[in-house]
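Trainee: One-letter residues, chain by chain:
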Amino acid sequence: MGFDPSFSSRQFKSVGTRPLRPDGIDKVTGRARYGADFNMPGQLVGRVLRSPHAHARIKSIDTSKAEALKGVKAVITAADLPDMTAGDAALHSILENCMARTKAFYDGHAVAAVAAVDARTAREALKLIEVDYEVLPHVTDVDEAMKPDAPLLHENVFTEGVDPRPSKPSNVAKRSQYGHGDVQAGFREADIVIERSYKTEQTHQGYIEPHACVASVNADGTGDLWVCTQGHFVYRDQCARLLGMDISKLRVTSSEIGGGFGGKTHVWAEPVALALSRKAGRPVKLVMSREEVFRASGPTSATSIDVKIGARKDGTITAASATLRYTCGPWYGMWAELGAMTAFACYGLASVQTVGYEVLVNRPKTAAYRAPSAPMAAFAVESAVDELAGKLGMDPVEFRIRNAAREGTRSSYGPVYGPIGIGPTLEAVREHPHMQVPLGKNQGRGMACGFWFNFGGQTCTDINIGVDGTVTLAVGTIDVGGSRASLSLVVAEELGIPYSQVKAVVADTGTLGYNDMTDGSRGTFSSSMAAISAARNAIEIMRHRAAAMWDIPADDVVWEDGQARAKGENHGNLPALSLKEIAAAAPNTGGPIAGHSELVADGAGVSFATHICDVEVDPETGSTRVVRYTVVQDAGKAVHPTYVEGQYQGGAAQGIGWALNEEYIYGKDGRLQNPGFLDYRIPVCSDLPMIGTQILEIPNPNHPYGVRGVGETSIVPPLAAIANAVSNAAGVRMTHIPMSPPRILAALEAEQAG
Amino acid sequence: MVAVTLWGQLRTAAGGDEKLEVEAKDIRELFRKLAERYPGFEPFIARGIAVSIDGVIYRDTWSKELPQGSEIFLLPRLSGG
Numbered sequence: 011m012g013f014d015p016s017f018s019s020r021q022f023k024s025v026g027t028r029p030l031r032p033d034g035i036d037k038v039t040g041r042a043r044y045g046a047d048f049n050m051p052g053q054l055v056g057r058v059l060r061s062p063h064a065h066a067r068i069k070s071i072d073t074s075k076a077e078a079l080k081g082v083k084a085v086i087t088a089a090d091l092p093d094m095t096a097g098d099a100a101l102h103s104i105l106e107n108c109m110a111r112t113k114a115f116y117d118g119h120a121v122a123a124v125a126a127v128d129a130r131t132a133r134e135a136l137k138l139i140e141v142d143y144e145v146l147p148h149v150t151d152v153d154e155a156m157k158p159d160a161p162l163l164h165e166n167v168f169t170e171g172v173d174p175r176p177s178k179p180s181n182v183a184k185r186s187q188y189g190h191g192d193v194q195a196g197f198r199e200a201d202i203v204i205e206r207s208y209k210t211e212q213t214h215q216g217y218i219e220p221h222a223c224v225a226s227v228n229a230d231g232t233g234d235l236w237v238c239t240q241g242h243f244v245y246r247d248q249c250a251r252l253l254g255m256d257i258s259k260l261r262v263t264s265s266e267i268g269g270g271f272g273g274k275t276h277v278w279a280e281p282v283a284l285a286l287s288r289k290a291g292r293p294v295k296l297v298m299s300r301e302e303v304f305r306a307s308g309p310t311s312a313t314s315i316d317v318k319i320g321a322r323k324d325g326t327i328t329a330a331s332a333t334l335r336y337t338c339g340p341w342y343g344m345w346a347e348l349g350a351m352t353a354f355a356c357y358g359l360a361s362v363q364t365v366g367y368e369v370l371v372n373r374p375k376t377a378a379y380r381a382p383s384a385p386m387a388a389f390a391v392e393s394a395v396d397e398l399a400g401k402l403g404m405d406p407v408e409f410r411i412r413n414a415a416r417e418g419t420r421s422s423y424g425p426v427y428g429p430i431g432i433g434p435t436l437e438a439v440r441e442h443p444h445m446q447v448p449l450g451k452n453q454g455r456g457m458a459c460g461f462w463f464n465f466g467g468q469t470c471t472d473i474n475i476g477v478d479g480t481v482t483l484a485v486g487t488i489d490v491g492g493s494r495a496s497l498s499l500v501v502a503e504e505l506g507i508p509y510s511q512v513k514a515v516v517a518d519t520g521t522l523g524y525n526d527m528t529d530g531s532r533g534t535f536s537s538s539m540a541a542i543s544a545a546r547n548a549i550e551i552m553r554h555r556a557a558a559m560w561d562i563p564a565d566d567v568v569w570e571d572g573q574a575r576a577k578g579e580n581h582g583n584l585p586a587l588s589l590k591e592i593a594a595a596a597p598n599t600g601g602p603i604a605g606h607s608e609l610v611a612d613g614a615g616v617s618f619a620t621h622i623c624d625v626e627v628d629p630e631t632g633s634t635r636v637v638r639y640t641v642v643q644d645a646g647k648a649v650h651p652t653y654v655e656g657q658y659q660g661g662a663a664q665g666i667g668w669a670l671n672e673e674y675i676y677g678k679d680g681r682l683q684n685p686g687f688l689d690y691r692i693p694v695c696s697d698l699p700m701i702g703t704q705i706l707e708i709p710n711p712n713h714p715y716g717v718r719g720v721g722e723t724s725i726v727p728p729l730a731a732i733a734n735a736v737s738n739a740a741g742v743r744m745t746h747i748p749m750s751p752p753r754i755l756a757a758l759e760a761e762q763a764g
Numbered sequence: 026m027v028a029v030t031l032w033g034q035l036r037t038a039a040g041g042d043e044k045l046e047v048e049a050k051d052i053r054e055l056f057r058k059l060a061e062r063y064p065g066f067e068p069f070i071a072r073g074i075a076v077s078i079d080g081v082i083y084r085d086t087w088s089k090e091l092p093q094g095s096e097i098f099l100l101p102r103l104s105g106g
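Residue numbers (this note's numbering), protein chains in the order written: chain Y, 11 to 764; chain E, 26 to 106.
The following block holds chain Y by itself, in its conformation from the complex:
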C-alpha cells in the first residue's frame, strides 16, 4: 500500500552481480524435484485414452470392460467433468480440450482416462475402452481451412470482427485489424514495392519436462495438487472451477519446472487427474509421455502471411501492410491478432495496416510460445524489409535505423511510444564487432529486429526475518530462469545485507496470496517490484523495533546500509543496530518480523531486440550451420546479468531450432507423423555456436530499479535473422520456415532452373 514503483537512479551493491543460483546444486546433482518426482502413499497411475482420428464424432463410449478389470479404480469420460464454465468460452475450450465431449478434434485428443494400481493395468484398461467414432473429414492446413468448402470444425462459429455478421459458419473464428494512415496512397508514393508470401510451420516449445502431476481429492471436498506449471495459482483456479471445488480448498504446490515457455500457462491433464482421484478416492499420478506432449499439449500456430512494403529511393518506407493467418487448433484464440499487433511494431510508419485471421484446424489447441505469435510475423516482415533494403542498395542496418520507431512514434498497434530501445539496439548492432568479421565460403550474414509487449500483473510476496538475521523470501511466481537468485539479490539490495543471507522459495497456493503466472516476461519484473515493497515494509517494522530497543521515537530512526541509525542530536551516541541485532531482539520487541506486499505490477514497458547471425549453407545437401550469433537487447536493468544472458541465449537457441529444423508433420490422415525428439529435432549443444550477448540498460521508468522483462523478446528476431542469413548465403530468398535441407535444396534447384 502506498508503494511508489517509479524508477529512481541509485548505486547498486548486490543488483548487477552474478552469484550462484540457490537451486543450482539440487539441479546438477539430481536432487531437484520435478513434476513426476512427487509421490503420495497409495497413489494410482493415471493413463489417458486418445483419439486416433483427426476429426470424429464420438457416438458412444463403453467403459464397462475397463472398469471390471482387476486393479482398475476409476474410469472417467467427459461425463465425469460436467460443464461448469458458466458461459466462459476460454475456460470451456480448456475443458473440452482436457476431455473430448461430443467430438474429437485432433489426433491425440483425450476421450477417456483410467486410474489403476500400476501402469500395466492402466494400459490394459485403456485397450478395453470401446469408443464408437464416426470419422469426419479433417483439415490441418491453415490456408485450406479458410476455403469455403473446407471441413467445418464447429457449426456455431461465425467470424467475429466482420460487419455484417456472416450468415454461414466457417473455420475463421475472428478477423482483427490494426493500423493507421492510408496505405494505398502510401504505396503510390513508393519507388519500390516488395510483396511476398511466407509460411511458417507449427512448432512445439520443446520443454524437456513433460506435463506431470499428482492429484489427491478427499471425501470432504478438499484437495492437493503437486504439479509442473508456470502458474500454480492459475492452475488452482482453473481446476477448482472445472471440478466445482472451492478455490481455497484446493492446495497447489509447484514443482521445479523443466521448461514451459508458454506451454504450461493453462491446465491440460490436471483436471483429469483430479477427477480420477475424486472418483477413485485415492491419489493419482498422471505423467504425459513425450508422444502425448507433442500430440496433445499446446504447440504454436502454423502461419501463412502476406507482406507488402513500399519505400522511396531515399530509404523511407511509405506504407506497409500484412495479412496474417494463424492456426488456433480447434478453438478460438488471439494468435493472429498478436501477430497483427506486433508485425510492424519496430518501425515508424505513416501508413500501415495489418489484418489477422484466427483459423480453426484439426490440430492440438494452440498455446502461447514465448512472445506468442510475434516471431512468425517478424520473420515475414523482417524478410521483406531486408529484401527491400537490398533493392534500394542500402545497408540493412542503416535502412532499419532510418525507419525505426522512436519516442513519439505512433506504433502500428495504436498507441504512441514513450522512450523505447529499438534505435539503441540497432546502433549497437551497427557498431558490434560481429558485423566486421569476414564471412567464409557459402556463408551469409543476416540481422533482424524484434518486439514484444511485456506484462506485469497480480503479485504477492512475503519476507520473513529469522532471529539469526537470515531472510526468507516467499514468492508466488514460478522460477523458470533463475528468478530466485534475482529476487534474492533485490531483497539483499533493499535490506542492505549479503545475498547469502537471503533464501527465496516459491510458496504454495495455501500460504501466499494470488499471483498471476510466470508469463509475459513478468516473473522478475513483477516479483522484484513486490519484493522491494515487502522489504521496505519489513524495514518500517525494523525501524520501530530499533526505536523500541533504544526507547526513542520511531521518527528518529532511519534505515541506512542495512542498519537502523538514530538521528538527531539527542541520539548521536547510539551505535547503529544491524538487521541481525534487531532480529535477535524480535521476540521481546513485538514478535516475528515480516514484510508483506500485494500489488499489481503494471507498466512493464515494451521491449526490443536486434540479432545478428552468420550461417553456412552446404549447396550440395542444403544443410546449414550457424557459425556466429549475437543478441543485443534492452534489459532496463539486469538484476543478475548471467541469467539475463541466459534468457537471450535460450530464446536465440529456440529460434534457431524453429528456423532450421522444427515442424509438426501431418500425414494425409491428419495424424502427427513425428511426435518424438528423434523425428522432431530441437537443437542440442553441438548444433550451436556460443551465442554472444550484449545487454543494454535503458531504465524502465515504471520500476524502482528500472527493470524490464527479458524472457520473451529474444525469440522474436531469430527466424528472420537466420532466414536473411540463409538467403544471403544461398543467393535465394527463403520464404518457408523451417529452412530444412530439403526446402533449401528445392529453393536452390528452383533458382538454378530459373
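Hints are not guaranteed to be accurate.
Claimed, not checked - With beta-carbon atoms standing in for the labels, derived distance ranges:
| # | chain 1 | residue 1 | chain 2 | residue 2 | range |
| --- | --- | --- | --- | --- | --- |
| 1 | E | 90 | Y | 752 | 54 to 60 Å |
| 2 | Y | 480 | E | 53 | 39 to 45 Å |
| 3 | Y | 756 | E | 51 | 53 to 59 Å |
| 4 | E | 53 | Y | 405 | 47 to 53 Å |
| 5 | E | 90 | Y | 177 | 41 to 47 Å |
| 6 | Y | 127 | E | 68 | 46 to 52 Å |
| 7 | E | 68 | Y | 230 | 33 to 39 Å |
| 8 | E | 53 | Y | 230 | 34 to 40 Å |
| 9 | E | 53 | Y | 35 | 43 to 49 Å |
| 10 | E | 90 | Y | 19 | 47 to 53 Å |
What the hints assert, rightly or not - So, partial list: chain E residues that the calculated Cβ filter (under 10 Å) puts toward chain Y:
| # | residue |
| --- | --- |
| 11 | 63 |
| 12 | 65 |
| 13 | 80 |
| 14 | 83 |
| 15 | 87 |
| 16 | 93 |
| 17 | 100 |
| 18 | 101 |
| 19 | 106 |
Calculated from the structure, these hints are not laboratory results. The structure presented is a predicted model; accordingly, all values stated were derived computationally and were not measured. By construction, the Cβ of each residue, glycine as well, lies at the ideal position given by its N, Cα and C atoms.
Assemble the complex: chain Y is given as a structure, and chain E must be docked to it using the hints.
Mentor: Coordinates of chain E only, in the frame set by chain Y:
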C-alpha cells in the same frame, strides 16, 4: 475530460466511433462510463481490456489515473508466454 481511442473491434461496439471524449479520472471510472454509454462494451470489459496511457500498457490497475492531455488507447487484454 480525456480523449480515448478504440481498437478496431471496440469501434464496432461504439457505433463506429474511433475516438471518444470521456469525463473520467481513472481507468475504473472510464470503464464504468463506457459501459453505461455503450452496453456492447460490457463483454469486452469482461474479457479484458488493456489501457495504454502514453504508450505504457496497464492491464489490471484500474485505479490508475488518466492524466489530462495524455494519450489513452484501449487494446485487447494480451497475454504472453
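Trainee: Each of the hints needs a verdict: does it hold here or not?
Mentor: Tested hints:
no.: 1; hint: E:90 <-> Y:752: 54 to 60 Å; verdict: 57 Å, holds
no.: 2; hint: Y:480 <-> E:53: 39 to 45 Å; verdict: 41 Å, holds
no.: 3; hint: Y:756 <-> E:51: 53 to 59 Å; verdict: 57 Å, holds
no.: 4; hint: E:53 <-> Y:405: 47 to 53 Å; verdict: 49 Å, holds
no.: 5; hint: E:90 <-> Y:177: 41 to 47 Å; verdict: 45 Å, holds
no.: 6; hint: Y:127 <-> E:68: 46 to 52 Å; verdict: 48 Å, holds
no.: 7; hint: E:68 <-> Y:230: 33 to 39 Å; verdict: 37 Å, holds
no.: 8; hint: E:53 <-> Y:230: 34 to 40 Å; verdict: 39 Å, holds
no.: 9; hint: E:53 <-> Y:35: 43 to 49 Å; verdict: 47 Å, holds
no.: 10; hint: E:90 <-> Y:19: 47 to 53 Å; verdict: 24 Å, violated
no.: 11; hint: 63; verdict: 15 Å, violated
no.: 12; hint: 65; verdict: 12 Å, violated
no.: 13; hint: 80; verdict: 4 Å, holds
no.: 14; hint: 83; verdict: 4 Å, holds
no.: 15; hint: 87; verdict: 9 Å, holds
no.: 16; hint: 93; verdict: 16 Å, violated
no.: 17; hint: 100; verdict: 6 Å, holds
no.: 18; hint: 101; verdict: 7 Å, holds
no.: 19; hint: 106; verdict: 3 Å, holds
When each numbered hint is compared with the structure, violations occur for hints 10, 11, 12 and 16.
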